[in-house]
Amino acid sequence: MSDAQVTGETTERNLVETINETLAAEMRTDDTVRLLGYDIGPIGGVYRTTEGLIDEFGDERVIDTPLSENGILGTAVGMAMRGERVVPEIQFMGFFYPAFGQFMYTLVKMRERSGGAVDVPLTVRMVCGGGVKSSEYHSESTESYLVHTPGVRVVYPSGPREAKGLLAASIRHDDPVVFMEHKKLYRTHREPVPDEEYTLPLDRARVAREGEDVTVVTWGAMVREAEQAADAVDADVEILDLRTLSPLDIETVLDSVKKTGRCVVFHEARRTLGLGAELTAVVNEYAFDRLLAPVQRATGYDVHFPGNQIEGEYLPDAQRAKYAIEAVMGYEF
Amino acid sequence: MSDAQVTGETTERNLVETINETLAAEMRTDDTVRLLGYDIGPIGGVYRTTEGLIDEFGDERVIDTPLSENGILGTAVGMAMRGERVVPEIQFMGFFYPAFGQFMYTLVKMRERSGGAVDVPLTVRMVCGGGVKSSEYHSESTESYLVHTPGVRVVYPSGPREAKGLLAASIRHDDPVVFMEHKKLYRTHREPVPDEEYTLPLDRARVAREGEDVTVVTWGAMVREAEQAADAVDADVEILDLRTLSPLDIETVLDSVKKTGRCVVFHEARRTLGLGAELTAVVNEYAFDRLLAPVQRATGYDVHFPGNQIEGEYLPDAQRAKYAIEAVMGYEF
Amino acid sequence: MALWSEERPSEDFYRVLAPDGTLVGDPPDLDDDELRELYWTMKLTRAFEDKALRMQRSGEVSIISRCRGEEATPLGAAAALSPGDWCFPLYRQRSGLVYWGVPLDRQLANLMGAEPETIDDHLPLDDATEPPVNFSPGYVPLGANLPNTVGSALTDKLNDRDTVSLTFVGDGSTSQGDFHDALNFAGVFEVPAVFICQNNQWAISVPAHRQTASETFAEKSDAYGVPNERVDGNDIFAVYEKATEAVERARNGEGPTFVECVTYRIVEHNTADEPSVYRDEEQREYWLERDPIDRYEAYLLAEGVLTDEDIDAMEDEISEEVASAVAAARDVPESAPHRMFDNHLRGESWNESHQRAELERELDGKNPFVDWTGEGFE
Amino acid sequence: MALWSEERPSEDFYRVLAPDGTLVGDPPDLDDDELRELYWTMKLTRAFEDKALRMQRSGEVSIISRCRGEEATPLGAAAALSPGDWCFPLYRQRSGLVYWGVPLDRQLANLMGAEPETIDDHLPLDDATEPPVNFSPGYVPLGANLPNTVGSALTDKLNDRDTVSLTFVGDGSTSQGDFHDALNFAGVFEVPAVFICQNNQWAISVPAHRQTASETFAEKSDAYGVPNERVDGNDIFAVYEKATEAVERARNGEGPTFVECVTYRIVEHNTADEPSVYRDEEQREYWLERDPIDRYEAYLLAEGVLTDEDIDAMEDEISEEVASAVAAARDVPESAPHRMFDNHLRGESWNESHQRAELERELDGKNPFVDWTGEGFE
Ligand SMILES: Cc1ncc(C[n+]2csc(CCOP(=O)(O)OP(=O)(O)O)c2C)c(N)n1
Ligand SMILES: Cc1ncc(C[n+]2csc(CCOP(=O)(O)OP(=O)(O)O)c2C)c(N)n1
Ligand SMILES: [Mg+2]
Ligand SMILES: [Mg+2]
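So the sequence lines, in the order shown, correspond to chains W, P, X and C.
So for the first sequence, the UniProt record's numbering puts the first residue at 1; every next one is plus one.
So for the second sequence, the UniProt record's numbering puts the first residue at 1; every next one is plus one.
So for the third sequence, the UniProt record's numbering puts the first residue at 1; every next one is plus one.
So for the fourth sequence, the UniProt record's numbering puts the first residue at 1; every next one is plus one.
Next comes chain W alone, as it looks inside the complex (with noise of 0.2 angstroms):
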């Protein structure tokens, strides 16, 4: 579905329910969709996204592995080089960083080295945010690692029906793809998802919101927080959900701030070389003399993840996307 266009019946799914029965799904269409982690078999996923496929389609299609994120990855770029939709999974993003060298080396820099022979059409699913009283280290978002590493695409939906479409894409796709699930997400929002099969583009953010006055960029479980955010202040607010981090789609987020004339870039992330930052700057490169405000960024702060006690201080929310949509509405030059 380009969009909005899936019609059909649709199901109230929840994103965890939506992930396993878009990877059961991928995996009945394609035998070489394999699931590669530890954790992901009998017991189905600390988080039960992997939930009874090990029972469906066996220990050779969903493989507990040894514990190591490096060796994970190390080993589904191979089976990737070989020719397998291998889905490794990094149970937290926070636990990602030991994968680094394999990451570095050869998911996302295979194909490059190799003049385009080698492919690694792998997706890997990371889980990622806070705001479910987790310890610190569980609760990371530190896509900007990512995405200032050229060769891989970053995927990251807002919610289930976007994640249904983006995750049997990135599956299908033959370029290395992180998919980013946003573990809040997972359980505390239901929506209805269209039954037909679909895919979303990899590319294109989604205007999840139409409005006049001022562009919020998003993603992720802030979609939600700025479309409160939206409602509660006294501004026609467009609202742009990216879905995909890397490439992006600077096009849609251009249009839409010359259009509006401000813009708020909205995240979880540290702010200091968060993707605010980059967002910011081009903006400030290509749409500057059309700026009626400062572009500002309502972002987590520049610290290690807090204690769980004061996490809910840290994180963006509504009310701080509010603080500065509101900002930028009263700047005057």
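Derived by calculation from the structure, the hints in this document are not laboratory data.
Careful, some of the hints might be misleading.
What the hints assert, rightly or not - For the chain X half of the interface with chain W, some residues (derived, Cβ under 8 angstroms), not all of them:
1. Ala114
2. Glu115
3. Gln176
4. Ile204
5. His209
6. Arg210
7. Thr212
8. Phe341
Glycine residues also receive a C-beta, built at the ideal position from the N, C-alpha and C atoms.
For chain W, the structure is supplied; the task is to place chains P, X and C with the ligands on it using the hints.
Coordinates of chains P, X and C with the ligands only, in the frame set by chain W:
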């Protein structure tokens, strides 16, 4: 010295000699300074920066390790936790990635998660940068991965004179520091370096040249390219040599841009989420109504570092800086 | 529903105290007070963790991993240390911390999500409460403790000190690259370090036979020229004895040792886990019969080191100690939000002070995004 | 000046051909053509690399690592493979590549810094030149090849194919976490992989005894339940035989094998290195006497498989082959700058097309920073 105040004798030095002599000087005055890395002992470093040190200080101060970047950082952190001022070496920044686990989990985080009880007073020397016809992996400038990470200082000298004061300050400082050494600077440039010992602040940019029309923010090997561009362009250019990339000296940047009204960020790293993005965002946020033109980023491209036949076209140089300066000088609303 | 099969590890290991509490080897040279202290520590640890579990169920604690059924391993290992030594624990070594007096109230406040600075403010350590063994902060990222321990031990070696550094690694965590780095560096530099492999046979849902094809975990250290031992990890005497030998070797400059302690995670991985989903919980019976406290209690009772009355009295004391820790931890106020900025870099950068001000404004209900000049909010 | 001491590795390993070329074991079952091909391959490799070294000295090649004196190891290993198998080489396995016909001109163009797309354009592979064994691109980051090899082998196992994946690891690179991951995964999943440890006793300036405290590299794989062999890496027969056995085991579903081949880096690490700075170059003598080509040549001459005239003729052919590779590589034009953008992501993102346009403008002498609207340059 607070910048240009060191007086007395100077000697012509290149960067390799300066690093070598500064390490030796710090090791002489502080027994807890130890070097850790591979190829730092009898061979004296693949670029000869540690030449002779094992002869003077022995193999308990200059410690050749097994070939594991993660092992080096992890061991160094354990030593630093016990009060040693370890100076681990990462032979090439492109080989830093397997150590990203130790970097993220202990080096940058130990102090914060111990509530300040445990310090990690180490200085990681990291050899970076392109332009010497080496292989792609040996030429990377990926400081963004470091700067997006809280809890570590990132220091990047533009030449021998700066390097001496910054390296001494880094080693003596109680925060963990990554000290970046651009390999192109090692031997290409000699300049008078004060003989007396001095330190430079680890959070202040240097105004490398004063000017009224446009601010060029840069660092490392690009400073001298920026100076050439400034000489060649028809504008009065102010050049800021950042020296410390984290934490950023935002005050100096804003003061300069508010004065000149124009800004170019000039760096070797890839553009997307390169530090130019952050600097552009900060200038946009706090000096928006003083800007006479969009901030421009003269940078590397968003690709993996290319092979050595075409690295010259990848790398920014005086010509690229000049274009950017001319562009912002010529901008009209 | 798929369940993992289990492969019971060989019990061809060093054992002193049989599961029924009878001796099958020589007990270590400990006096009655010391024997009772080990018992007390295991009981207190179990009571404390069970309380924390209940507090998790009621929402006061966010998550806890218990060492129930594994208490003898961290305890026997830590007890082999001497004041001034260094210990680098993970999250499932509480009995070791309890032994050396890491205050329970501070541990609980941490489980309740307080920032370390808040704990230091409200439950400060002083000369009386500072544990005589140095404990690093607990490590959550698996494996990260291991190279740090080698660095700590190397420091002592290079400074000619006879301090020992001891650390732990789970069966699952032996699969991390950090394990390889640490054992390798330890062997090459012959550092005074002791590595305790707490093999409880599960890494969340993944059984040990999926972690490695080697027959034992102990033998892994051969690859690094590091000597090893393999012991019954539910036998406090066996663990204590081999850990003590390892600590002595380290202290005498004879280098590192790796000790595999075979135990079993009879409970959930942590409070977010439900093991019956992935394993046959009947296996627990076998291991419950090998419980480290039960067998040790049987031994102490049989030897007359303890009476049933002693045990009753101890249980009362333990209840009180736990209760007072709970009370003290509950008295620690919620951490102040600005704590999140503490202890990153020294000094206060422009960015840090600006963001601190933003947070303060937000908490005051003011707009934090209206400093258009970078000169601060008025 | 400090020099490293060397520790000579035990020669208690599998050997067929003594350093003087006499048999001390059973030679493999190879016919004369096959025997001559192995010889030819080593000679050609050496001549090619020596030429590349000279081209480096004259500035045509930026850097090269030679396998001089180590040719038997990669060759014997690669020769054990069959068409359709997979090989994951590093940078010091050229004899293996040469054996399977990876075109010399393409290899040289790569050493001359050409982008892979440029090489494909000007020296394309076709059915005639495509090597029958699949070679991955060479790996520079040490260790990274190892888990990829496991993934490749696992793929074949899961698809019930009898393909084998073979890879290499230097003595130094066994210290990387990737080594641990790969051997561990290989053991657990019993994959059809063969790991060749090319122990040339040096990692740039660091000797093998500083890499590990284990006695041999071979025994490291015990830690992963992976069987191992240790052979004279300068003995083409020994390497070939043990590699062949390992490949057969893998092909028969009997899992992975680790083979340590003991050799010596008699030359510089690469053309940026000067070994006399850190080691006593007199040690070379010992190893020069154990040269793999010399001993094999002596054997072939003694057996009458080769005559001196054959050798002269071969040397002429080799010179010609090298010369024609040099000529072909020199004919490859400098890579076009825009190649740097190729083969990152599929499709062309806004960013990629904009930056391509910027580069093009810059090359045309136009200002690339004057698109103020994002709508492109006119
Ligand atoms: C690097 C890393 N990856 C993943 C996790 C998530 N995790 C926490 S505990 C655990 C299992 C650890 O198993 P084991 O090492 O056997 O220790 P045990 O919990 O059994 O004591 C996992 C996967 C983590 N903390 N760190
Ligand atoms: C991860 C990584 N770290 C460092 C390097 C730099 N480097 C290239 S070769 C080499 C030595 C390798 O030694 P060894 O594994 O024994 O292989 P050899 O060169 O002897 O064949 C080093 C340190 C690298 N390529 N990759
Ligand atoms: Mg375990
Ligand atoms: Mg070597």
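Comparing the hints with the structure gives:
1. Ala114: Result: holds, 6 angstroms to nearest chain W Cβ.
2. Glu115: Interface hint status for Glu115/X: holds (5 angstroms vs cutoff 8 angstroms).
3. Gln176: 6 angstroms, holds
4. Ile204: With Cβ-Cβ at 5 angstroms, under 8 angstroms, it holds.
5. His209: 11 angstroms, violated
6. Arg210: Cβ of Arg210/X sits 6 angstroms from chain W, so the hint holds.
7. Thr212: Hint holds; Thr212/X Cβ to chain W Cβ min 7 angstroms, cut 8 angstroms.
8. Phe341: 6 angstroms, holds
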